[in-house]
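Protein chains: 2
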Amino acid sequence: MRRINMVATMRALRGGPPIGLTELAARAELSRPTVEGLVEELTGMGWLGEVPPQAGHMGRPRRLFRFRAEAGHVLGIDVGASSIRAVVCDLDGEPAGRHCAAVDATTGRAGRLAAVRDATAQALAAAELTRSDVMAVCVGTTGVVSSSGTVRLSDSLPEWTGLDLASEVGRDFDVPVLVENDCNLAALAERWTGVAQEVDDVVFVLSGMRTGCGILIRGELHRGRRGAAGEIGALPLVGWHRAPAHLTEYPRLPEGTPREQVGALVFTAARSGDPAALEAVDRFARDLAEGIAALVLTVDPDLVVLGGGVSRSADVLMEPLRRHLDPLCLEPPALAISKLGDQAVMLGAVRHALDHVDARIYDIDAPLSAPAPKPA
Amino acid sequence: MRRINMVATMRALRGGPPIGLTELAARAELSRPTVEGLVEELTGMGWLGEVPPQAGHMGRPRRLFRFRAEAGHVLGIDVGASSIRAVVCDLDGEPAGRHCAAVDATTGRAGRLAAVRDATAQALAAAELTRSDVMAVCVGTTGVVSSSGTVRLSDSLPEWTGLDLASEVGRDFDVPVLVENDCNLAALAERWTGVAQEVDDVVFVLSGMRTGCGILIRGELHRGRRGAAGEIGALPLVGWHRAPAHLTEYPRLPEGTPREQVGALVFTAARSGDPAALEAVDRFARDLAEGIAALVLTVDPDLVVLGGGVSRSADVLMEPLRRHLDPLCLEPPALAISKLGDQAVMLGAVRHALDHVDARIYDIDAPLSAPAPKPA
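Here the protein sequences line up with chains A and B, keeping their order.
With full-length UniProt numbering as the guide, the letters of the first sequence map in order to residues 1 to 376.
With full-length UniProt numbering as the guide, the letters of the second sequence map in order to residues 1 to 376.
Heads up, a few of these hints could be off.
[Stated by the list, open to error] Reference excerpt, derived from the structure (chain B facing chain A, CB under 10 Å, subset only): (1) I215; (2) A229; (3) I232; (4) L328; (5) C329.
What the hints contain is simulated information worked out from the structure, not anything from laboratory work.
Where is the CB? At the ideal position from N, CA and C, for every residue including glycine.
Hey, can you work out the whole structure from these sequences and the hints?
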């Protein structure tokens, strides 16, 4: 019962402004003496803090308490083909330190894991924190990821298929390391802080030089039995597999254009009216639409969010995409462009790690320990 | 608090064998005096009943109580193209009376609604009950159904698109009339009493002279924003739209074969080795596989259940279906054949109506009334 009351107290303070004991008791539906005892205990553990009384307050100053978001931190990591991003955030999701490192797309398993370790260390150093301050870690990666954090299949990262990424990253941490498909995390990020905050069933489509999908149902990640939900790109009948080729085969592409710059180049040319670029974008949009239509007709989501490289070229892409997509669906689906840019996966990793911490805080069947594991 | 304790008491008895007050108190985590008072009240309302003491019981006979499944009834209706089925079940889902009427596939709106009314009356008469004994009604129909029970789109029933079916059937009842897509209900039935009882994410595929799909996610119906989840058949890129034609175009089909007998006829011929029939079944399986693959790659379900007419011909269909389906998916999906035959939709309607009744029983924010509304 005490643990249940503790959860009620934490819930009443988590994510909100500082409040006094009377209001806290009312919100947690507990007696004031009960709340007083719990607040004392949770303050002693480091979960709660007292706010100094406001200057100019009339009468006897009220004691105000708040959830100490700085009591713990989580680490979000995005392992991309040509970049590794890491961010350390407090328990409100506020960034305390971050790092982004470029890697070569051909980098193998050992080199990429070393880059992950380095980016993590840099982000922690920027936050003036150490590994022992971290309460949960989440890593986003391309590919089909098993529930235990092994990469079952990855087309785009060399030597990545079969990697037990949770164990590899977990070597450096005493806390849980979650591993999740990057599009799944991007979907979580859109609902947390992006364009999908008001809806529950979300199809996030990553589009650019590769295409992927993450699905939320009733606000929660839908991973599927083998972590392979949203892998519609594997169906040759719909055109995702051939979509990037329309961009790379754009005839006026300067020789030696790095792959990660191809999309921006073709969309820029299309924006200026170049007919060959407009044709390439039209074919790209048609193939993208086929896969999105299959997702829409299966899930009938509240919203489709389009992210990845193409989200910077929505002004060029939207017209042909709508023109190809709408006739394939029973009704035109709601479609929004991500504004999170290349931060989406990393932010989703933070959200996923925070959800893990919250599940621990709110788990009435387990004792609540102090926020961050302290170094020995 | 009393309402919460009432729910705990009802939950402890619902669906289980009769138990004594001591065990009931333990299961409901309530004091024995509290349970005694609640049992008395709920018995007075008609929700609970006392079981006669067992003969041969040693010592003072224990008082045993049970949930009175006969206290109320629900009505499940399946509006098909060529048949209307209705069943009245008690609150354990045990059938008390049923009726099945053949209708012509060309029957229009008024005629079909009259047939529904007639089948309902016949089922109630068989159960020796009246409309006022019914606590909830659920109607299954083909097509996309809005959350308020209007048929937004139906290809297979004449004059059915746009029909406010909930209001039409609701005219005869003072209780809620739920309307749901037939494949959605079949999916519920498979998880309730069919081959999907052990799993949470289910794709039910109805296959025969038409093809449809119902999806359960985390054990619950996934309807989608506009009730159009699972409508992958609308995507021309996957072959569901042309699948039945492979059967109707079987060259040795006797002239004038009624449409609803075509499938059985072709599958029977294939079973006996007829090459043209085997070819027709192979093409049918290929087109069926394309749509199933799109569903599997999107949802990655625990199980695909194949129902409808083809479920009686699994011995002929499974080999070509597997041969076409597995290469389209990342891994061969788990696939089971429905054993519910033509009862699936009706049973799913019963389950959906029972869930509605249970939600009312367990709703702690609303007072609990006596089970069945009595006639004035």
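Do the hints match the structure? See the list:
| no. | hint | in the structure |
| --- | --- | --- |
| 1 | I215 | holds, 8 Å |
| 2 | A229 | holds, 4 Å |
| 3 | I232 | holds, 5 Å |
| 4 | L328 | holds, 6 Å |
| 5 | C329 | holds, 8 Å |
The structure fails none of the hints (numbered hints given earlier).
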